[in-house]
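Under our numbering, the first residue of the sequence shown carries the number -14, and numbering increases by one thereafter.
Take the hints with a grain of salt, since some may be wrong.
To be verified - Taking CB as the label site, the calculated pair distances span:
| hint | residue 1 | residue 2 | range |
| --- | --- | --- | --- |
| 1 | P73 | G2 | 17 to 23 Å |
| 2 | S53 | G78 | 30 to 36 Å |
| 3 | P158 | F41 | 28 to 34 Å |
What the hints contain is simulated information worked out from the structure, not anything from laboratory work. We treat Cβ as the ideally placed atom computed from N, Cα and C, and that holds for glycine.
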Amino acid sequence: MVEDGADGPTLEKDLEGIMLSFEITPIGTVRNARTDVQDTDNWGAVRSTITVDERFGDACLQGLEGFSHVEVLFIFDQFPDHGDYREPRPNRGRPDLPPVGVFAGRGPRRPNRIGVTSCAIDGVHGRELTVVGLDAVSGTPVIDLKPVMTEFLPENVKQPEWVSRLMSEYFQP
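Work out the full structure: start from the sequences and follow the hints.
So this is what it looks like as structure tokens:
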């Protein structure tokens, strides 16, 4: 086992050095008006405040106000663990969509239940970051924040036609 500080990540490896588990401590929490994990559309106008833990100090977000967007990494902690990920399933259980494997979707049915969303930055005040368009319910633990930089954005993104049908209402206000 390798530890990175008292509150840092813990990495466990077996005798061959293969990673068995990785422990992450949240850096903050989401607060917004959304509390129903089954309410899955219309995230576009949702305003959320992420309060970063005091252990990072009051200047931890300094410089982020110069960016238009931030990637928020979070845990789908309020969804049940589905356990078996071997069988492809239609997204959101919709029979009009093709079944896909667990790594061909972005929903909460994932082995490590990690979510990531690029959100517009609305304000930075001390340890509080206000964003618009974060698809995480109130109380969700945040595990990291990364500014969106043009150089990291991909070019020529393509996706199957059914994704546009699935996402048609997702980020609508």
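Cross-check of the supplied hints:
In this structure the hint that P73 and G2 lie 17 to 23 Å apart at CB is violated, the actual value being about 31 Å. Distance hint for S53 and G78: a CB-CB separation of about 35 Å, consistent with the stated range 30 to 36 Å. For P158 and F41, the hinted distance range of 28 to 34 Å is satisfied, since their beta carbons lie about 32 Å from each other.
Hint 1 from the list above is the single one not met by this structure.
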